[in-house]
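A.B. asks: Going by the working numbering, the sequence shown opens with residue 1, and the numbers climb by one from there.
No lab work stands behind these hints, which were simulated from the structure alone. Any given hint might turn out to be false.
Cut-off 27 angstroms, straight-line C-alpha distance, at most; resulting in silico cross-link-like pairs (DSS-like, lysine-lysine) [stated by the list, open to error]:
hint	residue 1	residue 2
1	142	52
2	34	165
3	52	72
4	107	87
5	34	87
6	187	165
7	259	165
8	34	72
9	142	179
10	142	187
11	255	187
12	142	72
13	34	142
14	142	87
15	52	107
16	87	52
17	247	259
18	187	87
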Amino acid sequence: MKPGYQETYANYFSHRQEEFQQALLSDADQVRGKVNEVLLVGNIDLLDNAHKLVMYALTGEDGEALSSFAEKEGVAWAQHELTLSFKLEWVQTIRRTMWGFLETLQKEEDTGSIPFFDLERQVNDTIDQFLNGFFLSYSRYKDALLEAQQKLVENLSAPIIPLSKGVGVLPLIGEVDEKRVAAIENKILPEINHLQLETLIIDFSGIANIDSTSMNRIMTTIHGTYMMGCECVITGLRPDIVLTLTKEDLTFDSKIITKGSLEQTVNDYLNVKKADL
Numbered sequence: 001m002k003p004g005y006q007e008t009y010a011n012y013f014s015h016r017q018e019e020f021q022q023a024l025l026s027d028a029d030q031v032r033g034k035v036n037e038v039l040l041v042g043n044i045d046l047l048d049n050a051h052k053l054v055m056y057a058l059t060g061e062d063g064e065a066l067s068s069f070a071e072k073e074g075v076a077w078a079q080h081e082l083t084l085s086f087k088l089e090w091v092q093t094i095r096r097t098m099w100g101f102l103e104t105l106q107k108e109e110d111t112g113s114i115p116f117f118d119l120e121r122q123v124n125d126t127i128d129q130f131l132n133g134f135f136l137s138y139s140r141y142k143d144a145l146l147e148a149q150q151k152l153v154e155n156l157s158a159p160i161i162p163l164s165k166g167v168g169v170l171p172l173i174g175e176v177d178e179k180r181v182a183a184i185e186n187k188i189l190p191e192i193n194h195l196q197l198e199t200l201i202i203d204f205s206g207i208a209n210i211d212s213t214s215m216n217r218i219m220t221t222i223h224g225t226y227m228m229g230c231e232c233v234i235t236g237l238r239p240d241i242v243l244t245l246t247k248e249d250l251t252f253d254s255k256i257i258t259k260g261s262l263e264q265t266v267n268d269y270l271n272v273k274k275a276d277l
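Construct the complete structure from the given sequences, taking the supplied hints into account.
C.D. replies: See below:
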């Protein structure tokens, strides 16, 4: 587009910003009632951001400034759990309303000499670039959030709790399935090394259910603790778990100590440590 035309369009929309915003709200039924809600929840000013997008489209600024704007919008939208369908409807409303105003400008100002197809390409390309950047930013944020949540779940799946220097407890709670066992396998040995544990107490009393395959994998991991010089103590074996072991002819290594309750075991080891001091 020839220099000067961008300024004509930008000035036209700047002087009619309030009128444009009212036209937007009139056209977007779903958005109208949520402007204040979105501002309150996410500190996102839909109307002000709509004006910014229009200015980017009219002035042809499609570089770093537009990319940064789209990225910030995507993150804000993802952070506050605002839906993509809502955003898409809003941006398309901006596009439709903007072209309605441009048509009016063409008629009022008799701007027939302005290269209209250049304008169409610039405006639509800019808005499409914004949408592309917005969706990529939104997706990256959601993917990073999901990955962080998965890591948190993995950590909670096998939380080794230090009791004293050299002694830690791993309470197994809930259902122990293949995914949970994998988390346990991946975490126990590195944590033993990180915490410099001499004794690891594994408590089975909180397990809701465990199959023989998962139990066998846990027993293999327990054997690995000895290879790292860490004594392993098993507590809380309920009758149903013991029955599962005996039916499958699974037995703990003779080096593994088994005790009845976690409470008594913890007290015993803490008292031993105090006596050593």
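A.B. asks: Is residue 34 close enough to residue 72, meaning Cα to Cα at most 27 angstroms?
C.D. replies: 20 angstroms, holds
A.B. asks: Can the restraint linking residue 142 and residue 179 be considered satisfied, given a maximum Cα separation of 27 angstroms?
C.D. replies: With Cα atoms ~22 angstroms apart, residue 142 and residue 179 stay inside 27 angstroms; holds.
A.B. asks: Does the structure keep residue 247 and residue 259 at a Cα separation of 27 angstroms or less?
C.D. replies: Roughly 21 angstroms between the alpha carbons, so the hint for residue 247 and residue 259 holds.
A.B. asks: Between the alpha carbons of residue 34 and residue 165, is the straight-line distance 27 angstroms or under?
C.D. replies: 55 angstroms, violated
A.B. asks: Does the alpha-carbon distance linking residue 142 and residue 72 stay inside the 27 angstroms limit?
C.D. replies: Since the Cα atoms of residue 142 and residue 72 sit roughly 14 angstroms apart, the hinted pair holds (cutoff 27 angstroms).
A.B. asks: What's the verdict on residue 52 and residue 72, does the C-alpha distance respect the 27 angstroms limit or exceed it?
C.D. replies: Distance of about 13 angstroms is within 27 angstroms: holds.
A.B. asks: Would you check the hint for residue 255 and residue 187, treating anything up to 27 angstroms between C-alpha atoms as holding?
C.D. replies: 22 angstroms, holds
A.B. asks: Is the Cα-Cα distance between residue 34 and residue 87 27 angstroms or less?
C.D. replies: Answer holds: residue 34 to residue 87 is near 12 angstroms, not above 27 angstroms.
A.B. asks: Just to be careful, I want the Cα atoms of residue 187 and residue 165 compared with a cutoff of 27 angstroms; is the pair within it?
C.D. replies: 19 angstroms, holds
A.B. asks: Do the alpha carbons of residue 259 and residue 165 lie within 27 angstroms of each other, as the hint requires?
C.D. replies: This hinted pair holds, its Cα atoms lying about 21 angstroms apart.
A.B. asks: Within a Cα-Cα threshold of 27 angstroms, do residue 142 and residue 187 meet the stated pairing?
C.D. replies: Given pair residue 142, residue 187 holds - Cα atoms ~25 angstroms apart, limit 27 angstroms.
A.B. asks: Does the structure keep residue 34 and residue 142 at a Cα separation of 27 angstroms or less?
C.D. replies: Distance of about 23 angstroms is within 27 angstroms: holds.
Going down the numbered hints, you'll see the structure goes against 2, 4 and 18, while the others check out.
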